[in-house]
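Chemist: The residues making up each chain are set out below.
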Amino acid sequence: MLEVSQLDTFYGKTQAMWGVSLSVDEKQIVSLVGANEAGKTTLLKTICGILRPASGSVTFLGSRIDGLTPHSIVELGVSYVPEGGKPFTEMTVRENLEMGAYPYQAWQHREERIEQVYQVFPYLKSREGQLASTLSGGERQMLAMGRSLMARPKLIMFDEPSYGLAPLMVKELFRFITTLNDQGITVLLVEQNVRHALEIADGAYVLENGRIVLEGKSSDLLQNDHIKKAYLGL
Amino acid sequence: MDRVKVISNRFFLPGLLLFILILLTTMPLFVQPYVVILLTTIIMYIILTLSWSIFSGPTRYISLASAAFFGVGVYVSAMLGQVLPLPVVIAVGGLVSLMLALFIGLLTLRLRGMYFIIFTFGVSELIRHFLLWWETNFTGTVGRWVVAVDHTTVYYVMLIIFMMALLAAYLVRRSKFGLALQSIGEYEEAAVHIGINVTILKTLTFALSAFFMGAAGAIMATRWTYIDPQIAFNPLFSFMPVLMAIFGGIGQLYGPVLGATIFALLEEVLTTEFPYYYMLLFGIILIAVILFLPGGLVGLIQRWRRGGLEG
Amino acid sequence: MRLLEGEKVTKNFGGLTAVHNVDFDINQGEIVGLIGPNGAGKTTLFNLISGALPATGGEIRYKDERITSLKPNKICKKGIARTFQLIKLFANMKVFENVFLASLFGVSTETNKSNAKKESEELLEFVGLSAVKTTAAKDLTLANQKRLEVARALATRPELLLLDELMAGLNPTEVAQAMELVTRIRDKGITVFMIEHVMKAIMSVCNRIMVLDHGVKIAEGTPGEITTNKKVIEVYLGED
Chain A
50 MLEVSQLDTF YGKTQAMWGV SLSVDEKQIV SLVGANEAGK TTLLKTICGI
100 LRPASGSVTF LGSRIDGLTP HSIVELGVSY VPEGGKPFTE MTVRENLEMG
150 AYPYQAWQHR EERIEQVYQV FPYLKSREGQ LASTLSGGER QMLAMGRSLM
200 ARPKLIMFDE PSYGLAPLMV KELFRFITTL NDQGITVLLV EQNVRHALEI
250 ADGAYVLENG RIVLEGKSSD LLQNDHIKKA YLGL
Chain B
60 MDRVKVISNR FFLPGLLLFI LILLTTMPLF VQPYVVILLT TIIMYIILTL
110 SWSIFSGPTR YISLASAAFF GVGVYVSAML GQVLPLPVVI AVGGLVSLML
160 ALFIGLLTLR LRGMYFIIFT FGVSELIRHF LLWWETNFTG TVGRWVVAVD
210 HTTVYYVMLI IFMMALLAAY LVRRSKFGLA LQSIGEYEEA AVHIGINVTI
260 LKTLTFALSA FFMGAAGAIM ATRWTYIDPQ IAFNPLFSFM PVLMAIFGGI
310 GQLYGPVLGA TIFALLEEVL TTEFPYYYML LFGIILIAVI LFLPGGLVGL
360 IQRWRRGGLE G
Chain C
3 MRLLEGEKVT KNFGGLTAVH NVDFDINQGE IVGLIGPNGA GKTTLFNLIS
53 GALPATGGEI RYKDERITSL KPNKICKKGI ARTFQLIKLF ANMKVFENVF
103 LASLFGVSTE TNKSNAKKES EELLEFVGLS AVKTTAAKDL TLANQKRLEV
153 ARALATRPEL LLLDELMAGL NPTEVAQAME LVTRIRDKGI TVFMIEHVMK
203 AIMSVCNRIM VLDHGVKIAE GTPGEITTNK KVIEVYLGED
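The listed protein sequences derive, respectively, from chains A, B and C.
The numbering of the first sequence is our numbering, which starts it at 50 and goes up by one.
The numbering of the second sequence is our numbering, which starts it at 60 and goes up by one.
The numbering of the third sequence is our numbering, which starts it at 3 and goes up by one.
Think of the hints as simulated: they come from the structure by calculation, not from any bench.
Treat the hints loosely; a few may be bogus.
Here are the simulated PhoX-like cross-link-like pairs (lysine-lysine), alpha carbons at most 25 angstroms apart as the crow flies [stated by the list, open to error]:
(1) C/K65 - C/K96
(2) A/K135 - C/K90
(3) A/K220 - C/K232
(4) A/K278 - C/K232
(5) A/K277 - C/K202
(6) C/K90 - B/K235
(7) A/K220 - C/K90
Residues from chain B shown here face chain C by an in silico Cβ test under 10 angstroms; the list is partial [what the hints assert, rightly or not]:
(8) P146
(9) A150
(10) G181
(11) V182
(12) E184
(13) E194
(14) K235
(15) A249
(16) H252
(17) I255
(18) V257
(19) T258
(20) T262
Example chain C residues on the side facing chain A (calculated, C-beta under 8 angstroms, incomplete) [what the hints assert, rightly or not]:
(21) T19
(22) F128
(23) G130
(24) V134
(25) E167
Predicted model only: the values in this text are computed from it and were never measured.
A virtual CB, placed ideally from N, CA and C, is assigned to each residue, including glycine.
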């Protein structure tokens, strides 16, 4: 479904990614793990069009999307949940969800979709009329995830969704991602919580200093020595 | 390489400043009155911009109340000019302005961002309209006459106020309070949590900046001889310092000074050559600065210096 | 000795009750953990203690002195310092300047620039940031930014340090380093009250843990007691 090939991305004059390649097949969950400044967010931002690669290509469902504007990429079916959720703080919870359905097709069905999101996140329903700025960190994360569902994406990219979440919420989060995947949505997951990320994924990539250093089936990677030492603290 | 060496030489900068100071002090002796008057106007803008930047620069609270502080000084001069000697009038002008700033500060400094900007502008306009109303309904006459003072004296007084403002700006900047003001601009909530009394610091710095504006207003009034609320509290005196500071760059002390000097000269040239277009040209220059020179002239100079040292 | 005491502390935001009748006490020398689901009111409680928000009801006492509704700068000078969940550094200022300012303004005794400079450098050494002291705060890695927030708070010579999710976003190695830092802080004689989600850290470092849910305290006890508490498992930890 998603094919990233030999991507080089720069921040101004500084190179952040070197020849990064990865692929995500339809209906898969692929995890991308790595240290804090390894370039994971840079990669996601390049895929969804916020950053433009200096060289390399990004292909989605067979056609090139690198160079397209972010909103066109969203309309093609790619959703991005940024780190910390980044909700619209001056809007209410409900309004944030409505904004998720901005693409024309989604807008027609927004009422029923909001109800569906509430079924997954009943907590959001009870906070419906509240301003997003009054939500705590974890609540914002939930809101951002609900918002990402509104446009019925084919591929969702999560950037550190477990950041600052309570242990119970972390378990719920990964359960949620698995359920999402069961319903046919492809997932690209960037995570610090390596254990959970590898447990639910089909395949995984390890990014260090802007380069892919390891890749393969996540079950294999869980046994890998380097992973165990550097990321699982074992 | 030699150019760079000369500029980084320890004695170059103070030497240059001393030279400029001597030049400015002796100016009236060998130039035409027109030049002295022009210089006075330029120094007025420099004082406004520099004073404005003492507070608004580091804290990023963009004040549009400069016209209020300047205008108060003008009115003090008009009301007391006949009864008190000039130095006292100027000092009182500065002090009344300072007290007004303390008052406005207590009201508005609890507001953030846009609200502070608009509120300070509102207060300024309120004062202007109030005085207009008062003069129309109570005094019977709008406007006042001011005792005239010869242009050379006005020039020297302005020069002194400028020196004082520059010294104050320099001392604040170098002191721990300068650093604290910067931290307020960076993250006020964190600043207050490390023990900085932000309320008092903001209010006092705001008042300090108003003092020089008021003093400048008091002496400038004597040049205009006739003043009314429209002249004294002209909103342009609120906007121009901001634009000049953006143009000059806020990062360094010389930014507002440079920005005001060039802008004021530009205004002089443009009003004479293109009386109908000069505001338009101003606007275009400002847009160009915002798009291409976000750090103002200071940013440009810093980039040149860095490039020169590397290359 | 009882350092911090809270009695029926309450905070309402319009119709929403964020913190409701919460009692708590922190004794000198302890490391106390504060855990709870997202939105439980933990950071709000810290905001009430540090003076960032005024309490709607109840009382907070520090060394038997009423500090409810004092301004944050006054509370800081009394000896309570904090870090923030979302990093609030002076981004464009240098690492050294961030700490230096706190040394200058946050201490209750008279100090001068050279003392402050010395203390700042010692603190940067203590947290491990000496090498980057001239870097702008915004250019630091996440782990270093967290170190800087801690150093800045310590520069105000606190007796009580409030840490808000220090470990969020850190990888296992960095978490271990942070845990070690917290222990060293306690060894220096500073009492610690910390909000955390990283259970590993809480378990090994804390003497006591308080659990908040929907603004109400639902449990309190040793790490062992808390991890086996039914209610805590139900709302926070989940089955494992």
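Chemist: Confirm or reject each hint.
Modeler: Against the structure, the hints:
As the CA atoms of C/K65 and C/K96 are separated by approximately 35 angstroms, the hinted pair breaks the 25 angstroms bound. About 17 angstroms separates the Cα atoms of A/K135 and C/K90, which keeps this hinted pair within 25 angstroms; it holds. With a C-alpha separation of about 17 angstroms, the suggested pairing of A/K220 with C/K232 holds against the 25 angstroms cut-off. Simply put, A/K278 and C/K232 have alpha-carbon atoms about 33 angstroms apart, too far for the 25 angstroms limit, and the pair is violated.
Restraint check for A/K277 and C/K202: the C-alpha separation of about 17 angstroms stays at or below 25 angstroms, so the hint holds. Of the pairs offered as hints, the one joining C/K90 and B/K235 holds, with about 20 angstroms between alpha carbons and a cut-off of 25 angstroms not exceeded. Taking the CA atoms of A/K220 and C/K90, the gap is about 29 angstroms. The hint is violated against a cut of 25 angstroms. Against a cut-off of 10 angstroms between C-beta atoms, the interface hint on B/P146 is violated, since the closest Cβ of chain C lies about 36 angstroms away.
Among the interface hints, the one on B/A150 is violated; its C-beta lies about 32 angstroms from the nearest C-beta in chain C, farther than the 10 angstroms criterion. Nearest Cβ of chain C to the Cβ of B/G181: about 27 angstroms, over the 10 angstroms cut. The hint is violated. The beta carbon of B/V182 comes no nearer than 25 angstroms to any beta carbon in chain C, farther than 10 angstroms, and the hint placing it at the interface is violated. Restraint check, B/E184 versus chain C: the minimum CB separation of about 32 angstroms is more than 10 angstroms; hint violated.
The restraint placing B/E194 at the interface with chain C is violated, with a minimum CB-CB distance near 42 angstroms, outside the 10 angstroms limit. Because the smallest distance between the Cβ of B/K235 and any Cβ of chain C comes to about 5 angstroms, under 10 angstroms, the interface hint for this residue holds. Interface restraint check for B/A249: the shortest CB-CB distance to chain C comes to about 4 angstroms, inside 10 angstroms, so the restraint holds. Evaluation of the B/H252 hint against chain C yields a held restraint, the C-beta minimum of about 5 angstroms falling below 10 angstroms.
Look at B/I255: its Cβ gets to within about 5 angstroms of chain C, closer than 10 angstroms, so that hint holds up. Hint status for B/V257: holds, given a least beta-carbon distance of 7 angstroms to chain C, under 10 angstroms. At its closest, the beta carbon of B/T258 sits 8 angstroms from a beta carbon of chain C; the interface hint therefore holds under the 10 angstroms criterion. Restraint check, B/T262 versus chain C: the minimum CB separation of about 14 angstroms is more than 10 angstroms; hint violated.
Below 8 angstroms, beta-carbon pairs count as interface contacts, and C/T19 has none with chain A, the closest being about 12 angstroms; its hint is therefore violated. This hint is violated: C/F128 has a C-beta 22 angstroms from the nearest C-beta of chain A, more than the 8 angstroms allowed. Taken as an interface hint, C/G130 does not check out: its beta carbon lies about 16 angstroms from the nearest beta carbon of chain A, beyond 8 angstroms. For C/V134, the shortest C-beta to C-beta distance to chain A is roughly 14 angstroms, which exceeds 8 angstroms, and the interface hint is violated.
Taking 8 angstroms as the C-beta contact cut-off toward chain A, the hint placing C/E167 at the interface holds, the least distance being around 6 angstroms.
Checked against the numbered hints given earlier, the structure breaks hints 1, 4, 7, 8, 9, 10, 11, 12, 13, 20, 21, 22, 23 and 24 and satisfies all the rest.
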